[in-house]
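Participant: Below, each chain spelled out in residue letters.
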Amino acid sequence: DQQVKQNSPSLSVQEGRISILNCDYTNSMFDYFLWYKKYPAEGPTFLISISSIKDKNEDGRFTVFLNKSAKHLSLHIVPSQPGDSAVYFCAAGAGTASKLTFGTGTRLQVTL
Amino acid sequence: GAGVSQSPRYKVAKRGQDVALRCDPISGHVSLFWYQQALGQGPEFLTYFQNEAQLDKSGLPSDRFFAERPEGSVSTLKIQRTQQEDSAVYLCASELGTANSPLHFGNGTRLTVT
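Sequence order for the protein chains is A and B. Using this note's numbering, the first residue of the first sequence is number 1, and each one after it goes up by one. Using this note's numbering, the first residue of the second sequence is number 1001, and each one after it goes up by one.
If we strip away everything but chain A, and leave its shape as in the complex, we get:
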């Protein structure tokens, strides 16, 4: 039973355009959501997070949107750059210092 789902295994976007990565969750106890970026042979790197009391958080080119009623979050990257090409993982947690539950990842390729 996957509690965090990323239904798109891959996404290709042209440089300069917007990349939108989606994530759905089923556990209502989740109150904290994160996006991680992973390059080959490296560990995941934290990108951006959002608490369940918010519906949007922005950090430079990265914005995360949370729709609690739909149990859906998305990561927007604008403008997309070739260096953004990586696998993106959505993760969710419940409570302080809790274990995170990860999705299966979406591979983003930003083309020239």
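Keep in mind that the hints are not guaranteed to be accurate.
Taking lysine-lysine pairs in the DSSO-like style, the calculated list, with each CA pair at most 30 Å apart, reads [what the hints assert, rightly or not]:
#1 B/1057 <-> A/71
#2 B/1011 <-> B/1057
#3 A/5 <-> B/1057
#4 B/1014 <-> B/1078
#5 A/56 <-> A/71
#6 B/1057 <-> B/1078
FYI, nobody ran anything at the bench for these hints, they're computed from the structure. Here the structure is a predicted model, which is why all the values come from computation and not from measurement.
We have chain A already, so just place chain B on it with the hints.
Facilitator: For chain B alone, coordinates are given in the frame of chain A:
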């Protein structure tokens, strides 16, 4: 370095051998997590320490898996009598332990059991 350090980066073990994987967390980080990542999957939780106390080991797949953090800093994940299904990348992560602080991951140890 300031990041989470894991060793070895790669480990090949014959089925039945015991292995030990090491994690050096970021200095001052209270919480330490171990995750297992199979090919094409996201990381899956194995176990969690707060300082030297192992507070959650619900993700350990069998009693062949054992983790310790005796002095509240360096941690070791031990796998006894390795099986082929243990082949995966083992990721260690640490965090400050405050509310909603993100996990910082190491580069992982890729274990291949032949």
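Participant: Determine for every hint whether it applies to the structure shown.
Facilitator: Structure-based check of all given hints:
1. B/1057 <-> A/71: The hint holds at about 28 Å.
2. B/1011 <-> B/1057: holds, 23 Å
3. A/5 <-> B/1057: Holds, at roughly 23 Å.
4. B/1014 <-> B/1078: holds, 15 Å
5. A/56 <-> A/71: Given pair residue 56 of chain A, residue 71 of chain A holds - Cα atoms ~14 Å apart, limit 30 Å.
6. B/1057 <-> B/1078: holds, 13 Å
Comparing the model with each numbered hint stated earlier shows that all of them hold.
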